[in-house]
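Number of protein chains: 2
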Amino acid sequence: MESRKIVIIGGVAAGMKTACRLRRLDADVSITAIDRTSDISYGACPLPYYIEGLFENLDEVRRTPVGVLRDEIFFKNAKGFDTLTRTEATAINRDQKTIRVRNLDSGEQQDLPYDILVLATGNTPIVPKLPGIELNGVVALKTMKQAQQIDTMAKTAKSAVIVGGGLIGLEVAEALIHRGIKVTLLEMKDQIMATALDFGIASLVHREMRKHGVDMRLSESLQRIEGSGKVERVVTEHGSYSADLVLIAIGVRPVVDLAQDADIDLGVTGAIAVNEQMQTSDPCIYAVGDCVESNDIISGRKVYVPLGSTANKHGRVAANNISGQPERFPGILGSMAVKVFDISVARTGLSAEDALLNGYDAVSIRTSAPDIAHLYPGSKPIVIKLVADRKTRKLLGAQIVGPGVVDKRIDVIVSALSMGATVDQLAQFDLSYAPPFATAMDAILQCANALRNKMDGLVDSMSPAEVCQRLEQGEDIFLLDVRSPAEFDEVRISGATLIPLGALRNRLDEVPRDRLVAPFCKLSMRGFEAQIVLQQAGFTNVRYIEGGIVAWPYELEM
Amino acid sequence: MESRKIVIIGGVAAGMKTACRLRRLDADVSITAIDRTSDISYGACPLPYYIEGLFENLDEVRRTPVGVLRDEIFFKNAKGFDTLTRTEATAINRDQKTIRVRNLDSGEQQDLPYDILVLATGNTPIVPKLPGIELNGVVALKTMKQAQQIDTMAKTAKSAVIVGGGLIGLEVAEALIHRGIKVTLLEMKDQIMATALDFGIASLVHREMRKHGVDMRLSESLQRIEGSGKVERVVTEHGSYSADLVLIAIGVRPVVDLAQDADIDLGVTGAIAVNEQMQTSDPCIYAVGDCVESNDIISGRKVYVPLGSTANKHGRVAANNISGQPERFPGILGSMAVKVFDISVARTGLSAEDALLNGYDAVSIRTSAPDIAHLYPGSKPIVIKLVADRKTRKLLGAQIVGPGVVDKRIDVIVSALSMGATVDQLAQFDLSYAPPFATAMDAILQCANALRNKMDGLVDSMSPAEVCQRLEQGEDIFLLDVRSPAEFDEVRISGATLIPLGALRNRLDEVPRDRLVAPFCKLSMRGFEAQIVLQQAGFTNVRYIEGGIVAWPYELEM
Numbered sequence: 001m002e003s004r005k006i007v008i009i010g011g012v013a014a015g016m017k018t019a020c021r022l023r024r025l026d027a028d029v030s031i032t033a034i035d036r037t038s039d040i041s042y043g044a045c046p047l048p049y050y051i052e053g054l055f056e057n058l059d060e061v062r063r064t065p066v067g068v069l070r071d072e073i074f075f076k077n078a079k080g081f082d083t084l085t086r087t088e089a090t091a092i093n094r095d096q097k098t099i100r101v102r103n104l105d106s107g108e109q110q111d112l113p114y115d116i117l118v119l120a121t122g123n124t125p126i127v128p129k130l131p132g133i134e135l136n137g138v139v140a141l142k143t144m145k146q147a148q149q150i151d152t153m154a155k156t157a158k159s160a161v162i163v164g165g166g167l168i169g170l171e172v173a174e175a176l177i178h179r180g181i182k183v184t185l186l187e188m189k190d191q192i193m194a195t196a197l198d199f200g201i202a203s204l205v206h207r208e209m210r211k212h213g214v215d216m217r218l219s220e221s222l223q224r225i226e227g228s229g230k231v232e233r234v235v236t237e238h239g240s241y242s243a244d245l246v247l248i249a250i251g252v253r254p255v256v257d258l259a260q261d262a263d264i265d266l267g268v269t270g271a272i273a274v275n276e277q278m279q280t281s282d283p284c285i286y287a288v289g290d291c292v293e294s295n296d297i298i299s300g301r302k303v304y305v306p307l308g309s310t311a312n313k314h315g316r317v318a319a320n321n322i323s324g325q326p327e328r329f330p331g332i333l334g335s336m337a338v339k340v341f342d343i344s345v346a347r348t349g350l351s352a353e354d355a356l357l358n359g360y361d362a363v364s365i366r367t368s369a370p371d372i373a374h375l376y377p378g379s380k381p382i383v384i385k386l387v388a389d390r391k392t393r394k395l396l397g398a399q400i401v402g403p404g405v406v407d408k409r410i411d412v413i414v415s416a417l418s419m420g421a422t423v424d425q426l427a428q429f430d431l432s433y434a435p436p437f438a439t440a441m442d443a444i445l446q447c448a449n450a451l452r453n454k455m456d457g458l459v460d461s462m463s464p465a466e467v468c469q470r471l472e473q474g475e476d477i478f479l480l481d482v483r484s485p486a487e488f489d490e491v492r493i494s495g496a497t498l499i500p501l502g503a504l505r506n507r508l509d510e511v512p513r514d515r516l517v518a519p520f521c522k523l524s525m526r527g528f529e530a531q532i533v534l535q536q537a538g539f540t541n542v543r544y545i546e547g548g549i550v551a552w553p554y555e556l557e558m
Numbered sequence: 001m002e003s004r005k006i007v008i009i010g011g012v013a014a015g016m017k018t019a020c021r022l023r024r025l026d027a028d029v030s031i032t033a034i035d036r037t038s039d040i041s042y043g044a045c046p047l048p049y050y051i052e053g054l055f056e057n058l059d060e061v062r063r064t065p066v067g068v069l070r071d072e073i074f075f076k077n078a079k080g081f082d083t084l085t086r087t088e089a090t091a092i093n094r095d096q097k098t099i100r101v102r103n104l105d106s107g108e109q110q111d112l113p114y115d116i117l118v119l120a121t122g123n124t125p126i127v128p129k130l131p132g133i134e135l136n137g138v139v140a141l142k143t144m145k146q147a148q149q150i151d152t153m154a155k156t157a158k159s160a161v162i163v164g165g166g167l168i169g170l171e172v173a174e175a176l177i178h179r180g181i182k183v184t185l186l187e188m189k190d191q192i193m194a195t196a197l198d199f200g201i202a203s204l205v206h207r208e209m210r211k212h213g214v215d216m217r218l219s220e221s222l223q224r225i226e227g228s229g230k231v232e233r234v235v236t237e238h239g240s241y242s243a244d245l246v247l248i249a250i251g252v253r254p255v256v257d258l259a260q261d262a263d264i265d266l267g268v269t270g271a272i273a274v275n276e277q278m279q280t281s282d283p284c285i286y287a288v289g290d291c292v293e294s295n296d297i298i299s300g301r302k303v304y305v306p307l308g309s310t311a312n313k314h315g316r317v318a319a320n321n322i323s324g325q326p327e328r329f330p331g332i333l334g335s336m337a338v339k340v341f342d343i344s345v346a347r348t349g350l351s352a353e354d355a356l357l358n359g360y361d362a363v364s365i366r367t368s369a370p371d372i373a374h375l376y377p378g379s380k381p382i383v384i385k386l387v388a389d390r391k392t393r394k395l396l397g398a399q400i401v402g403p404g405v406v407d408k409r410i411d412v413i414v415s416a417l418s419m420g421a422t423v424d425q426l427a428q429f430d431l432s433y434a435p436p437f438a439t440a441m442d443a444i445l446q447c448a449n450a451l452r453n454k455m456d457g458l459v460d461s462m463s464p465a466e467v468c469q470r471l472e473q474g475e476d477i478f479l480l481d482v483r484s485p486a487e488f489d490e491v492r493i494s495g496a497t498l499i500p501l502g503a504l505r506n507r508l509d510e511v512p513r514d515r516l517v518a519p520f521c522k523l524s525m526r527g528f529e530a531q532i533v534l535q536q537a538g539f540t541n542v543r544y545i546e547g548g549i550v551a552w553p554y555e556l557e558m
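Residue numbers (the working numbering), protein chains in the order written: chain A, 1 to 558; chain B, 1 to 558.
There's no promise every hint is true.
Each pair may be met inside one copy or between any two copies, as identical chains are not told apart.
Said to hold, decoys possible - In silico lysine-lysine, DSS-like type, Cα no more than 30 Å apart, as pairs:
id : residue 1 : residue 2
1  : Lys394    : Lys302
2  : Lys211    : Lys5
3  : Lys158    : Lys145
4  : Lys145    : Lys129
5  : Lys380    : Lys5
No wet-lab data here; the hints were simulated from the structure.
Okay, chain A solo, but in the shape it has when bound (with noise of 0.2 Å):
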């Protein structure tokens, strides 16, 4: 008997893992790997630090943890299968159960016949078609050719202007702001990462980005690229920039080129629908990675995020339901982190727009903190973000930014959102403890206090935005400042008075009763404080600013 065929069409995460996986539980069955590149395998996250200069041999991206290159030799004795390299899927023949392949070098095509076809054909850049975008100069990200193009034009290039504030964006933006050259980022949204992130978070981004020297120009889109044969200039609505190197990361597409001329369905994102076991709408053809779309797990939506953390997971599902052992891919959170100069953020779940959006009675808190025992050396604040629904009290989402250690948290929270956790259960998780890792109430847990607190009513807040908000409207809020007098003269908003929180209770009289109060402090724990003893004082129109001076996205005076 002739042994089952198994195709698979792309040959970087979702396809090889697939098919390293269909190995392992299968000695029998023949599987081909094909891909139009013969950069097969490679890790398109790392390419960044590449630019960065934070490893020398670009090939390290093909390379395991010990250093054995991923290629055709490597797949074939090691992982016990083949790869077509150089060789393009030109059609598919749901009927004949073929795929019509042509090898770029020769030229050559063949029919190859499937039992089973897995879709890894990955995403592309989005390339808006404006005047200019096919001068010299002018590249996206996505390729290991595409790092080495970057890098050497980063040798000699003395401005570069990126186009998008996305993830790409942002690390390749530190990539080049290291090397020693102007950058200036482009975003048509008025924040970076705008469908992650909300406002005040990104704010804080914002912040670290222009400190670091990135010039950066929200709200402004490419209108056009100039230069005679090589980019020269960048043009805007608002103005112009000079350039040597630009980079277009605005996003991504699916790749569904094959799929849609098979008539395979593709869901509304216009990525590849998958079901639970991640096949199509064909049951003899799976597809997995960056041309499928992902159920959200807390809206229940579909949404296209493509990442190589979710491709590797594809990869074992769609393997171990070809092989006969059934399993479900549950879904996606969004989870991502980006490192950003001296900075984390990471996100996870709905953001607070979002959860409204979804129909969420949504609350949500920031709080600030240290990530370790502030006597420890190196602890250094984060603020975290917390979404939850107040009906169910089920977190919905989070969003953590700072110096301090930010993915561990984020974690926590993808794991508690994957269970379904109430905030309530969130803050009594028994997370481990020690000086050097934690403080003994940790971050998360004292922001999940937070957000109890203002559930249950025991106070109000308002978010740096909100505040902002309400003061350029106009509203005369009596900013409460109950830090110490040292820490006042060191930095502080405008406009606001010192009552030192030890005072307090001895000093109500100098607090207005008949305007809004709104204490803070340098992280917020000291301003819910004062705006309990206000409460308990019989003051009536009281809300903290949550997160305090370090959350605070705006000017502050020095």
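Following the hints, position chain B against chain A.
Just chain B now, with coordinates in the frame of chain A:
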């Protein structure tokens, strides 16, 4: 109407947290905290780091993150309640609802009436009644005064003996080594942290301690301490160790005399028994912090694991219940983390041994993996041991050790355990990924998948301990090293045969079919692959060595 009186005995973490929260919830209640010492509200966990010299002013352990000293005045002015220091509670009169207190300076006694009493009497170090224990230079570490004492002695001490390989013993051993003192660590069990870690994980800690010069004396117990006035040497059943300083760190016991004298129920562990509302057998008396026993969430058994993180949670729960806001404390997982020189070790839930003792059909696995993308600077390995129940597939516990980031992964498992996750659910967590923070499949997800492979019968494997034991018993195991020749040259397990994974399919005739074959590599992945290759080639007696060279705690050839 007179206000309700709350009296709290014990002014450190749990007591003060209870008082602070109570005041926030209720402006009118009368709150008095009393403490025997004047060092109230200090953090005991950072004391070893003071001895190490990581911060200069001991008072820091009593300061808030912004530097305010948490003394009586702070609690009065900022937190709004009274604290009586140097005041000892000598008896509880439950009928009259009063406690008898004595001022330790004036000797004056009085009866304080209470409506609700909160016991936060903490723990005290266990000091064995052995000859010489009273000598100068023999100390425990619990109070600020003792930390000061050890710091002073360390200025001149040449050698120290630490009795007990628990958290404090390990931390102080490191502190004293950093101060140039010769350190011997005496532990009567055959491993450090015996109730918290399995032997194989503990062995990796032993290696790190030895590497940094700690003379590890395991399975050896203190017999007597000798010296004239001042300690000179420590004598065990195996030898004698000179010492200018002896730290007794064999454990702590709850302080329960007051409760016991008042006929308040103690639990099976000897600590005060409380319900989920933190109420003792007398509904008007609550108990919180290190004097109470906890419910182990996984096993349902009562345990005594006093930790600052738990104490803080207790305080909030007790205060809520006292104020009429019902809340329950669900229990603990025994989560712990400790830094030991250049590695970290953390654990949560049940160890493999405990799981078996508790009647689970426990399956466990060890994996080794880089903590972040291997090509990102600073990537370091970690070894993860995961324990799950074969029947329900629920996670039971984890232990993680290594130079890489350990605390993040243990907190993911804490979150998973808190919500009753299965290993299959864990494997699908959408953890955040970017090269500076994780690998595309995070180490903890890799470990979950490895455990699934084992539970599903895809492969079988052995712990390093099992391999070692079988070899010692004379079993003729074929140790198959599937790394590269370069890796083999650098370091290897004695007696192993090298066949690189990529060559294995063509060199199967070099592998015996009549003996147990144990493939391994640096981490565990190629070892696992090799097992698949062998099984698919008809080998029936193959079990890879979990965690590879990185998790191998025994001697290696270099």
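Results for each hint:
Taking the shortest alpha-carbon separations for Lys394 and Lys302, both the intra-copy value of 21 Å and the inter-copy value of 29 Å come in at or below 30 Å. Taking CA atoms no more than 30 Å apart as the test, Lys211 paired with Lys5 passes in neither setting, with 56 Å inside one copy and 53 Å between copies. Proximity of Lys158 and Lys145 under a CA criterion of 30 Å is satisfied intra-copy only: 21 Å inside one chain copy versus 60 Å between copies. In the homo-oligomer, the alpha carbons of Lys145 and Lys129 lie at most 30 Å apart inside one protomer (22 Å), although the nearest pairing across protomers, at 72 Å, exceeds that limit.
For the homomeric pair Lys380 and Lys5, neither the shortest alpha-carbon distance inside one copy (54 Å) nor that between copies (40 Å) is at most 30 Å.
Comparing the model with each numbered hint stated earlier shows that hints 2 and 5 do not hold.
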